[in-house]
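Numbering (numbering that gives the first Met the number 0) for the sequence shown: 0 to 794.
Take the hints with a grain of salt, since some may be wrong.
SDA-like mimics (lysine to any residue), calculated; alpha carbons at most 25 Å apart, straight line [what the hints assert, rightly or not]:
no.	residue 1	residue 2
1	388	482
2	641	596
3	641	604
4	388	368
5	388	377
6	733	648
7	686	635
8	733	497
9	686	673
Cβ pair distances, simulated, as ranges [as the list claims (entries may be wrong)]:
no.	residue 1	residue 2	range
10	454	497	27 to 33 Å
11	477	386	23 to 29 Å
12	292	640	37 to 43 Å
13	640	533	45 to 51 Å
14	314	646	31 to 37 Å
15	477	626	45 to 51 Å
16	485	558	22 to 28 Å
The hints are simulated quantities; they were obtained by calculation from the structure and are not laboratory data. Even for Gly, the Cβ is constructed at its ideal location relative to N, Cα and C.
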Amino acid sequence: MAKLFALAFAGLVAAVTLLADGPAADARGDASCSATVDDAELVAHGEPDDPIHVDKDDTVALALTLTQGTVQADEVTVRIESGPFSRTIEPEGQVTATGWQGTVDVSDYSGNGVGLYQVSLVAGEVCEVGGWVEVDGNPLATVTGAAAAAVLAVGVLGIGIGLIRAITSGGGTWWVILGGVATGIGACVLAWQIGSELTIPGVEPLSFGSFAIWTAPPVLLGTVSQRGLSVLGRSRSAEREFLEATRPPREAAPTDGGRPPMAEPVGEDGGELTTAEPPEAAMAGTADERDPPRTAYGLLQCPDAVVADEEFELTAGLAAEPTAGVAGERLIRPATSIGAYTLTVQIVADGFDLRPGESWRHDLRVTADEAYPTFALHLTPAAQEEPVKPRAIQALYSTQGQTMGFAVRPVAVVRSEDLVADATPGPAEASGIAVPTDATPPDVTVRIQLAESESEGRLLWTLDTPYQDIDLPDAPLVTDIGDEPEVFARRLVETVGVREAQPGLYAYLMGVGNSIADNIPPAFWDVLRAAAMRVDGRPLTLFILSEEPYIPWELAVVDPPFDDSAPPILGAQAATGRWVLGQRRPKLPPPIEVQVGSMAVISGIYDQPGWSRLVEAEQEAAALGQSYGAHAVKAATSDVLKCFEGIPEADLLHFAVHGIYDPNSVLNGLVLVDGSTLDPFQVRGSKLAQAPFVFLNACQVGSANKMLGDYAGLAEAFLYAGASGVVAPLWSVKDRLAREIALRFYEGTFAGLTPAEILRRERATFQEDDENASATPLSYLFYGHPNMRLQRRDS
């Protein structure tokens with residue numbers, strides 16, 4: 000195609016050049032003489048849309064009348080011009096009493112080109128008269144016209160190839176641009192050859208202006224069409240890669256409720272794949288068919304110290320071994336990922352600018368032959384007053400819409416070059432962003448990270464989804480919740496307790512939800528809404544991975560809602576789970592399935608001063624014991640700590656006790672019947688032997704806070720100690736409603752519903768038309784994967 004374009008364009012240039020041998024001159028009249036072409040006054044035809052017409056095979060009569068001076072016959076010339084091209088002819092003629100008369104045989108020149116020309120009769124230095132002449136004839140029968148038509152055809156073909164490439168692969172930009180230029184040039188020259196019928200008012204038929212006017216539309220329209228089609232093309236290309244990467248070795252299981260189809264695990268025992276494979280299997284097939292390594296490490300290479308306002312290079316991607324100075328857990332591919340796969344790497348570097356034209360988000364193709372691909376970015380640290388400022392660069396890795404993990408590289412940013420030698424980066428620490436890698440992914444995963452190097456309340460949002468046709472933001476989204484979010488959290492807990500079951504509670508919580516929604520990036524809602532349109536017959540699933548402990552994002556108002564029958568609250572519109580991004584734990588992946596063979600219910604009779612007896616909680620414990628054979632554990636410190644150690648053994652711990660949230664007091668945590676308080680630190684200092692699922696049916700214990708710069712709170716403490724998931728209320732709950740919700744929770748989960756969906760249904764019962772509505776259903780937060788299921792088995 001490129002050679003065809005070059006040959007056609009060279010032919011066009013050569014053909015036009017046949018008509019050119021000097022600089023162009025404007026047609027004009029002269030008071031010392033007049034000129035005619037076939038008895039038509041030349042100066043009277045000074046505009047290209049009103050030329051003198053001559054036939055391409057005619058012999059044209061020319062006459063020059065002098066009002067002063069004389070001229071010799073050999074001094075008379077005819078200049079033929081079009082735009083930048085010019086040709087001078089010496090016609091046959093003779094001097095007359097009034098001036099000069101002669102003829103020009105048009106057929107001697109019309110074989111090269113017909114169309115519009117500026118024609119000037121020049122009599123030495125005595126006079127010059129000019130006007131427009133159109134040579135009539137078939138342009139395709141001339142060298143220039145044929146070459147122009149060929150360039151036009153090649154240009155249209157180039158645009159077509161570019162649009163086809165846009166549809167098939169998302170590319171084709173340069174094909175469309177070069178094709179548009181060729182189309183415009185060919186059309187412009189062909190318009191000149193056709194003549195005055197295609198003349199653009201105010202523009203010469205062949206000029207730099209006319210080239211621009213004829214070239215701009217095909218380039219612009221072609222580029223706009225290519226960009227639009229490329230979105231579809233990239234979507235199809237990504238979909239093919241996704242389907243290829245997830246193609247199972249046997250027939251895939253049918254889809255479930257509109258979720259994206261996923262392959263089954265392929266371990267021999269139905270469990271997780273191992274990293275080893277037989278040598279003959281590793282050697283068979285193409286690189287796309289063979290399986291790349293099941294594990295890898297995040298790679299981030301750059302200088303330990305960089306100078307503010309000076310660009311440096313960062314290399315990111317995968318590595319076979321841990322990289323010095325880079326923190327991060329081993330990345331484990333989903334078991335559903337078989338063969339070559341596409342890895343998405345999202346770079347988060349707050350306080351750094353990216354070179355224009357580069358992207359914070361990259362898709363890398365990982366194959367058996369190219370198992371550890373990388374890419375390069377060019378970052379510039381922001382200017383600063385501090386001599387040294389510690390910063391960090393993060394890379395988040397995901398595939399098939401599931402986050403695999405991330406890597407962190409600390410970087411010391413110095414004010415000037417002379418400080419580089421003595422600067423050292425901070426310690427390399429990475430959050431344990433362990434999420435399930437062998438399950439159906441959530442419809443949307445959002446990661447909320449703190450950017451405290453800029454301000455305490457600055458949050459960085461990154462998004463993932465398994466739907467390849469949804470455009471995700473390239474750079475992290477930024478919001479700022481201020482430097483006192485803990486005040487908001489504390490006030491929410493206290494105020495809801497005061498307004499419980501009072502008129503105006505619904506409006507108050509809608510106001511809270513609107514305030515929370517205002518601190519969520521608009522692009523989050525765009526992605527969430529796009530994903531909601533792709534689910535069929537089931538609620539959207541949302542996974543929140545957060546370093547920010549205070550804000551209950553589940554209460555954000557969704558405007559307009561996805562489901563008009565439920566309140567416009569995010570946690571009622573989507574089955575939502577959250578997980579803690581702590582400095583070192585929780586590192587266990589939130590499991591997709593928890594086998595519950597035995598339960599323990601921690602409860603008791605409160606008879607100490609200051610604490611009311613929880614009759615409903617006692618009934619709740621009895622009902623669980625009767626329905627599910629739950630072990631009864633006294634809510635006393637020694638008994639609870641033994642329960643943590645596995646005495647009695649339990650895969651699920653249910654607390655039906657008092658709770659209190661006051662991070663500034665020693666009374667913070669679960670209030671036990673022996674008068675002591677089970678503090679988050681006590682839980683953090685324990686190890687849950689069975690990695691149980693934990694339901695904390697106690698007031699206020701779902702609230703979180705920060706401790707030593709890290710996520711803290713009772714729910715986080717249980718996750719830190721090894722819990723597979725936690726349910727806990729944010730604020731005080733009504734005893735009767737808390738008992739009913741707990742019993743419905745187990746009835747639903749053991750029937751196959753996910754905890755996230757059960758709690759979504761509970762939140763959906765909070766309606767505006769109920770003046771005595773309780774906020775209890777809205778209070779429960781779920782820490783775990785939104786697709787997690789609890790499966791009851793025999794003890």
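* Looking back at the hints listed earlier, which ones does the structure fail to meet? -> 4, 6 and 14
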